[in-house]
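> Hints in hand, dock the two standalone chains.
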Amino acid sequence: MFKHCIPILLSLVILANCYALDFRNGYIVQNQNDTIRGQIAYQAYGKYLESCIFKSNGMERQYFPADIDGYGFDDGRYFASGISKDKFVEAHIIGELSLYQSDTTFFLKKGAEIRELKTQLVAREIDGREGVMEDTKWKGIVSYMISDCIQNPMGRMSSLKMQIKTLSKLTIEYSECRGASYVDYGGTERRMKIDVGLTFGYTKSSIGINNVNQLYKESFLGFAENYVSQDPSVGLMMQVFFPKFSERLGLQIETLYSRASYQQFVSYGLVNDLYFHDTFLSIGTVSIPVTMLFDLPLGPKNSLLLNAGINNDILTKKESLLTTESVDEQNRVKVSEDTEMFEIRGYQGGVYSGIGISHSIGSVDVGISLRYAYIFQFDNDSGFTAANNKLNLSIFFIYR
Amino acid sequence: MKTTFSFTLFILLIVAASGCDDEVFEATPRDFPRLLTRAVTEISEKGARFNAEFRYRGESQIISYGFVWNETPFPTLRTPSTDIYAVDENIQAEDFSVFISAGLNPGSTYYVRAFTQTQEYTVYGSNQQFVSKGSENQ
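Going down the list, the protein sequences come from chains A and B.
So for the first sequence, our numbering puts the first residue at 1; every next one is plus one.
So for the second sequence, our numbering puts the first residue at 1001; every next one is plus one.
With the rest of the complex left out, here is chain B (with noise of 0.2 Å):
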């Protein structure tokens, strides 16, 4: 009897501190943010979605985001012929998307990386690649 009744509260309370939510991983302060890049969604003949989360955003003052993208692999803002979607402004979102419905040609392949500027630092994602399949306006 004390057997179950005790095996039967350890199963319980494990079951409890499994169910807590999981620990989420949080970058270590530094002196600039930390961007991600996400992968591309919603590709299609129309465009295809960019997406960015910041994973670590800081007190920096953000002075522009956005998205940066060429057939070539690693893009910069400095890169001959690269795309820019560019936004001059102090987000405090930890996310951001655009939807690209413009420039993309379909079958080509695409590599995109999210960016942010501060007043001392421009930051880059990392790298995401796609296939176009094409968009509204070329």
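So that you can see chain A by itself, here it is in the shape it has in the complex (with noise of 0.2 Å):
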């Protein structure tokens, strides 16, 4: 199954990677504090920290740590210079003491003093034997930092972990217990991004039947080769965006519903009888497909939405019914009882892809989608394969 999605997979992450650069409404900060407002390309977050890519007034630049004292987006997010050597670093909270990120290393700021936390693995030791353990000498430079007006600093370290949460937090007290104002630029929440929605949309589904396998041919005759259905469906959408990865490549979890029915009808001479069937098929399903989001700007405030993954169906309801009639050469019909067709699986697995375009309005951004599952684990029959094709166009609705 999987290998049906590791090309569009890696297509979507070279793609996320390659783009052509789009810009968001941002500002530089000059070394002589000067803001000039414009544009700032969007790129990954490496790219972040190395330099800047800068439009105003139809020029483009890019800038370097050494040319700016940093620049910012309009959503909130500052990178700084000066801090450390030749790269810009995310400012979490400026103020009487400030907190920066580089990677997995931060930084704290107190007047014309910066110092660096980082943490490692050292080699130890313990009742004579090796081991490791963290290097803890970046809780001693927290405590002295904030030793001049929090109570009891070293006792707050046993607890502290570095992570940006927690140390935003002690960051905020400092300045707060100073009576110093501060900004924060709202890093804990930029760590992850979840956005919900919904959809609403037609499906039509195909089943195919084929690879009879020949000591079951002569029992297949009664059924069609292909099933096709058109149905409304209802969904809930998940989409989750680490930014601190990249804001364009995200995870995109949906539940949709939908039934289906579909029916055939198959007559065939065999000896010196003519045999009529009908077959039936009904279904309910809960598809539940977990999918790579690519979202693309097209635009201030237009994307192009790309998906690929796998696909999950729940069947809440799955009934198969397959009705035999035999006409003899007198005229002289036999019905049968009804029968099930064949065994459908209550999970079904498969992959699934989809393209779509949205366009912002406020706080939700409207979109149409057009999906393609394909699901090949349909049936628990020995005797044939059967797979169903799934082409779902929906109108979707996202709350940012």
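Simulated from the structure, these hints should not be mistaken for laboratory data.
Among the hints, erroneous ones may be present.
Partial list, computed: chain A residues near chain B (C-beta under 10 Å) [stated by the list, open to error]:
{"hint": "1", "residue": "Phe73"}
{"hint": "2", "residue": "Ser261"}
{"hint": "3", "residue": "Gln263"}
{"hint": "4", "residue": "Phe265"}
{"hint": "5", "residue": "Ser267"}
{"hint": "6", "residue": "Ser282"}
{"hint": "7", "residue": "Glu319"}
{"hint": "8", "residue": "Leu321"}
{"hint": "9", "residue": "Thr323"}
{"hint": "10", "residue": "Glu325"}
{"hint": "11", "residue": "Val327"}
Using N, Cα and C, we set each Cβ at its ideal position, and we do this for glycine too.
The following block contains the structure:
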């Protein structure tokens, strides 16, 4: 199953990294503390730390840490220079005590003093045996930086973890303790972004029966090779982004409910009798596609959305019926008892891909998407294989 | 808040969709009625009720309908010593039944089939088997 997904997922990742720059509203702070508004290139996180591509009045220029004090986006993110050598660092809190981050390393700045917080595992001999333990020198640095205002700073260190949330809280507490103002750039909130929405659509599903085992050929004369159903669907959508990694690439999980019924009629002659068969399938499905989502900006309010991943179908209803009548030469009709056509699996796996466009209206993104799912574990019968191809056209509403 | 709202709305929509009437299988039109023999009911010392249902009635003119039963499986109108209950009428109802109160021997196993006749076809439903407890009139 996954071999079908890998090329699509790889394409998405390559696209996410290679796509031409798009620009978001922002500003740069020059060394003379002048702020110039314009647009800043939207890049992968690592690139933000190296340079800033700034566009203003139609002019585009790349700035390095030595050129400017910092730059920021209107959504709150700010990258400062002068903290780490030859790199920008992301600002979390700027105040009496400031907190910055570059990859996994944090920085505390108080006045002109900048201290680096780095954790690592060091080899130690404990009770005659070699072991590794965390080097907690960074806690001593934090304790030292806050000791002139916070009570019992060493006591606070035992439960302190090197995380944005806890370090930001302590940094803010210090500024409040000093009665100084501070700016919170919201780094905690930006670690993970979850958006939810609803979808309403129409699904065309097509079940194909193939690879019929030679031994079963006669039993399958009553089955048509293809069954088609078109039905409405409704779903819940959740998009999870990890902006630290990428704001374009995320995870999309959906639950999509639909009901479908399929019917086919088959007649054929065998020896001296004519046979008539109706085949009927009735299925209720909760589909749970889990996909990688690539959100490609098409201007300030529009996006192109691409999905690829796996599909999980849980069947809430699964009925299959085969009716049979035979007519002999004297036109005597023999009606047989209805039987189960074949056993449909309660859980079905498959692959899933989709493409869509969305438009932002306030805090809601409205869009339309076309999705395709290929379900290849449809039945439990060993005499043949059945697969379900599903094409879904939906409108969706995502609350940002 | 928005997650809770969306989830609640989704559940309500699913419940509403699930609550719709189940799809009813409708047979594809053909030249003859599709007739099913249903299980025999009300089996007692007084007799037993035979039941049948048209799964597809079609436009055919029905000349007669009813039941055939015998102690051997798959009885037909031409099977020797088969009992027959027949009504000569162009029935329009989707099902029919009859309470048989004569000729059933207690302890005997009977095989019942519904039948219907049109100008061109004689249609027999599937075989239903039951053990008789007898009948009012032997």
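> If a hint holds in the structure, say so; if it doesn't, say that too.
Do the hints match the structure? See the list:
1. Given the 10 Å rule on beta carbons, the hint for phenylalanine 73 of chain A is violated: about 23 Å separates it from the nearest Cβ of chain B.
2. At a threshold of 10 Å, the smallest CB-CB gap from serine 261 of chain A to chain B is about 5 Å, leaving the interface hint in force.
3. For glutamine 263 of chain A, the interface hint holds, the least distance from its beta-carbon to any beta-carbon of chain B being 7 Å, beneath 10 Å.
4. Annotation: phenylalanine 265 of chain A was flagged as interfacial toward chain B, and the flag holds, the nearest CB pair being 4 Å apart, inside 10 Å.
5. Interface hint at serine 267 of chain A: satisfied, since its Cβ lies 8 Å from the closest Cβ of chain B, which is below the 10 Å cut-off.
6. A least Cβ separation of about 5 Å between serine 282 of chain A and chain B falls short of the 10 Å threshold, and the interface hint therefore holds.
7. For glutamate 319 of chain A, the interface hint holds, the least distance from its beta-carbon to any beta-carbon of chain B being 9 Å, beneath 10 Å.
8. Residue-level restraint check for leucine 321 of chain A holds (minimum Cβ-Cβ distance to chain B is 6 Å; threshold 10 Å).
9. For threonine 323 of chain A, the interface hint holds, the least distance from its beta-carbon to any beta-carbon of chain B being 7 Å, beneath 10 Å.
10. Restraint check, glutamate 325 of chain A versus chain B: the minimum CB separation of about 6 Å is within 10 Å; hint holds.
11. Residue-level restraint check for valine 327 of chain A holds (minimum Cβ-Cβ distance to chain B is 7 Å; threshold 10 Å).
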